[in-house]
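K.L.:
Sequence:
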Amino acid sequence: MLSCAGADRLQTGMRGAFGKPQGLVARVDIGDILISVRVKEQHEEHAVEAFRRAKFKFPGRQLVVVSRKWGFTKWDKEEYETMRGEGRLVPDGATCKLVREHGPLSKWIHNPI
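Numbering (my numbering) for the sequence shown: 1 to 113.
FYI, nobody ran anything at the bench for these hints, they're computed from the structure.
Keep in mind that this is a model prediction, so the values were computed, not measured.
Just so it is clear, CB atoms sit at the ideal spot from N, CA and C, and this is done for glycine as well.
Careful, some of the hints might be misleading.
[Stated by the list, open to error] Derived Cβ-Cβ restraints for the label pairs, each shown as a range: (1) ASP92 - ARG61: 33 to 43 angstroms; (2) GLY85 - ALA26: 34 to 44 angstroms; (3) VAL48 - THR95: 21 to 31 angstroms; (4) GLU86 - ILE35: 31 to 41 angstroms; (5) GLY85 - ASP29: 32 to 42 angstroms; (6) GLU101 - GLU78: 17 to 27 angstroms.
[What the hints assert, rightly or not] As a list, the in silico PhoX-like pairs of lysine-lysine whose alpha-carbon atoms are at most 20 angstroms apart: (7) LYS97 - LYS107; (8) LYS77 - LYS97; (9) LYS69 - LYS97; (10) LYS74 - LYS97; (11) LYS74 - LYS40; (12) LYS40 - LYS77; (13) LYS69 - LYS40.
Please model the complete structure; the sequences and the hints are all you need to start from.
P.N.:
Structure below.
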């Protein structure tokens with residue numbers, strides 16, 4: 001692996017010999033999330049081990065973090081289960097929408113919380 005200036009133009013032989021980049025890259029900053037995955041709790045340790053092995057394939061120092069959030073939502077597990085039990089969450093693809101407590105009274109009567 002080459003990590004010097006102009007490394008995108010090396011190891012391609014005579015192809016692109018005038019300094020044209022070959023391939024694609026992703027520009028990431030320090031602290032950016034590279035990969036995110038959602039698994040069941042019973043498979044959590046397997047996912048952590050897979051990421052531990054995969055982090056050596058990326059340059060730099062990588063860190064594997066297990067989130068307290070429920071899936072790809074912005075709520076913690078306990079908060080998510082409470083709101084779901086109250087009927088305040090509506091499924092929306094991979095995430096969900098929060099039903100707010102404000103709006104017209106006629107709408108609230110049909111869907112009380």
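K.L.:
Work down the list of hints and note, for each, if the structure agrees.
P.N.:
Structure-based check of all given hints:
1. The beta-carbon spacing between ASP92 and ARG61, approximately 36 angstroms, falls within the hinted interval of 33 to 43 angstroms.
2. Look at GLY85 against ALA26: about 39 angstroms separates their beta carbons, and that is inside 34 to 44 angstroms.
3. For the pair VAL48 and THR95, the supplied restraint of 21 to 31 angstroms holds, since their beta-carbon distance comes to about 23 angstroms.
4. Range check, GLU86 to ILE35: Cβ separation about 33 angstroms, and the 31 to 41 angstroms hint holds.
5. Checked against the given bound of 32 to 42 angstroms, the beta carbons of GLY85 and ASP29, roughly 39 angstroms apart, stay inside it.
6. The given range of 17 to 27 angstroms is respected by GLU101 and GLU78, whose C-beta atoms sit roughly 20 angstroms from each other.
7. For the proposed pair LYS97 and LYS107, the alpha carbon gap of about 16 angstroms is at most 20 angstroms, so the pair holds.
8. As the CA atoms of LYS77 and LYS97 are separated by approximately 15 angstroms, the hinted pair is consistent with the 20 angstroms bound.
9. For the suggested pair LYS69 and LYS97, the alpha carbons sit about 15 angstroms apart, so the restraint of at most 20 angstroms is met.
10. Distance check on the hinted pair: LYS74 and LYS97 sit about 11 angstroms apart at the alpha-carbon level, within 20 angstroms; holds.
11. A hinted pair counts as satisfied when its Cα atoms are at most 20 angstroms apart, and LYS74 with LYS40 qualifies at roughly 17 angstroms.
12. Annotation: proposed proximity of LYS40 to LYS77 holds, straight-line Cα distance about 13 angstroms (limit 20 angstroms).
13. Straight-line distance between C-alpha atoms of LYS69 and LYS40 comes to about 13 angstroms, which keeps the hinted pair within the 20 angstroms bound.
The structure fails none of the hints (numbered hints given earlier).
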